[in-house]
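Asker: Go ahead and model the full structure; you've got the sequences and the hints to work with.
2 protein chains.
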Amino acid sequence: MQSYTEENYLKIIYHLAEKTTNVQTNAIAEQMQTKPASVTDMIKKLADKGLVDYIKYQGVTLTETGKNAAIDIVRKHRLWEVFLVDKLNFKWDEVHDVAEELEHIKSTELIERLDEFLGFPKADPHGDPIPDKNGRFAKTQFIKLIELKVGDTGTITGVSQHSSAFLKHLEKLGLTLGIPIKISDITDFDGSVEIQLADKQVNISREVAKHILISSNGKN
Amino acid sequence: MQSYTEENYLKIIYHLAEKTTNVQTNAIAEQMQTKPASVTDMIKKLADKGLVDYIKYQGVTLTETGKNAAIDIVRKHRLWEVFLVDKLNFKWDEVHDVAEELEHIKSTELIERLDEFLGFPKADPHGDPIPDKNGRFAKTQFIKLIELKVGDTGTITGVSQHSSAFLKHLEKLGLTLGIPIKISDITDFDGSVEIQLADKQVNISREVAKHILISSNGKN
DNA sequence: AAAAATTTTTAGATTTACCTAAAAATTAAA
DNA sequence: TTTAATTTTTAGGTAAATCTAAAAATTTTT
Ligand SMILES: [Mn+2]
Ligand SMILES: [Mn+2]
Ligand SMILES: [Mn+2]
Ligand SMILES: [Mn+2]
Chain A
1 MQSYTEENYL KIIYHLAEKT TNVQTNAIAE QMQTKPASVT DMIKKLADKG LVDYIKYQGV
61 TLTETGKNAA IDIVRKHRLW EVFLVDKLNF KWDEVHDVAE ELEHIKSTEL IERLDEFLGF
121 PKADPHGDPI PDKNGRFAKT QFIKLIELKV GDTGTITGVS QHSSAFLKHL EKLGLTLGIP
181 IKISDITDFD GSVEIQLADK QVNISREVAK HILISSNGKN
Chain B
1 MQSYTEENYL KIIYHLAEKT TNVQTNAIAE QMQTKPASVT DMIKKLADKG LVDYIKYQGV
61 TLTETGKNAA IDIVRKHRLW EVFLVDKLNF KWDEVHDVAE ELEHIKSTEL IERLDEFLGF
121 PKADPHGDPI PDKNGRFAKT QFIKLIELKV GDTGTITGVS QHSSAFLKHL EKLGLTLGIP
181 IKISDITDFD GSVEIQLADK QVNISREVAK HILISSNGKN
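Which chain is which? The protein sequence lines are A and B, in order. All residue numbers in the first sequence are consecutive under UniProt numbering, ending with 220. All residue numbers in the second sequence are consecutive under UniProt numbering, ending with 220.
Just so you know, the hints here were simulated from the structure itself, not pulled from any lab data. Note that this is a predicted model, so its numbers are computed, not measured. Zero decoy hints are in this set.
The list treats identical chains as one, so a pair stands whether inside a single copy or across any two.
List of simulated lysine-lysine pairs, DSBU-like, C-alpha gap at most 35 Å: (1) K122 <-> K139; (2) K106 <-> K133; (3) K122 <-> K87; (4) K106 <-> K139; (5) K122 <-> K106; (6) K35 <-> K91.
Answerer: Below you can see the structure in the form of structure tokens.
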């Protein structure tokens with residue numbers, strides 16, 4: 001059994017490992033909002049427990065055990081987010097912090113029943129996949145909206161930025177999950193993207209377009 | 001803001017204060033499953049924070065602030081228990097431990113929405129009253145089943161013992177919340193109580209009868 | 001391949017919540 | 001009202017998770 005803190009380290013290492021194989025001390029420190037020296041201490045502890053492989057100065061990778069533990073926490077986090085949005089009517093920009101706490105509640109029974117209560121959802125309110133109780137989930141192939149060309153169509157199925165400010169912005173524009181879109185223009189001047197929605201057109205900056213994930217209906 | 005541990009101390013002091021005015025160090029230690037020396041340490045800390053009044057060797061009492069904090073934790077505990085039973089189909093003997101963890105999740109918004117989602121319940125699965133968001137709740141006047149005389153009738157509305165063993169026992173006998181009962185006999189030999197239910201008679205020991213709470217329909 | 005910059009680790013402290021053992025105060029018994 | 005038993009506190013320490021400052025290793029730049 002891991003401590004609250006150890007669980008947070010595992011989860012953060014897991015997420016960082018989605019981008020780089022060997023996760024660096026400084027990167028962990030930044031995510032954990034702590035100092036590199038503290039990270040080194042914790043890494044040693046996790047290595048002693050067999051949760052990470054660690055070579056001094058070379059960063060860490062999760063062991064199979066460590067990865068499973070991390071995925072379990074991700075599962076809990078995302079299920080709780082679904083609960084908060086679907087059952088308690090939270091907005092998608094309001095759920096992350098509470099889920100950060102709820103994910104540490106230790107009860108397998110609780111999570112299985114919650115999963116059932118929610119109807120075994122496949123994705124959380126931000127479009128991120130929810131691992132099943134065996135830790136399995138489809139590695140979804142999203143395209144970043146910014147990679148689409150004029151005329152391409154698709155459906156918004158995720159975001160790669162979870163800050164409240166960003167999510168509220170999308171909400172205001174009507175760019176929420178499940179919304180079908182078509183790229184109507186890409187501005188020469190600043191590269192901003194004009195998007196055709198069912199009832200209106202909206203213009204978003206490249207920065208915003210980078211963080212919207214699309215399941216493409218095929219290019220044209 | 002209190003730590004997880006401080007919250008547990010406050011809650012335990014609150015419950016102990018329902019029986020005695022000045023709560024003793026040893027009593028707290030027993031409930032907290034820790035040593036008296038540790039309790040003294042924590043009491044000093046809580047006193048410094050203005051959550052308890054403390055005179056050396058004289059025990060503690062909660063301040064107004066401390067009491068409010070304690071009631072808030074009790075509220076969360078009981079609401080989560082209702083959630084677990086009503087929504088996730090846990091049995092009344094399975095919810096306490098998980099609620100012990102959930103009660104520490106820090107989000108006023110979460111609890112208010114949960115309360116609403118549950119339909120603003122007035123009592124938890126054990127019949128204990130749930131304080132409203134202002135900390136107010138009716139001080140329910142229960143009679144212990146053991147105090148009833150032959151011929152008295154009433155309804156089971158609470159239990160004063162929350163152990164899984166006890167609750168499972170009651171469940172098996174059909175003695176659950178809301179069940180109307182009538183005392184049909186009190187055995188001379190061992191003082192055990194014979195109870196008439198809608199469809200059957202059951203016999204319970206004095207020890208069990210002590211921990212069943214009845215809202216009386218009046219004596220006869 | 002040095003020098004410079006960056007990253008990571010070690011060393012030594014701090015804080016929180018514990019602990020044991022022993023001293024002090026209070027309460028109960030003789 | 002002494003003595004005995006109980007309760008509570010103090011003193012001194014431990015383990016987990018931090019921190020700062022300084023040393024060591026690695027990487028990047030000249
Ligand atoms: Mn989240
Ligand atoms: Mn999410
Ligand atoms: Mn309970
Ligand atoms: Mn209860």
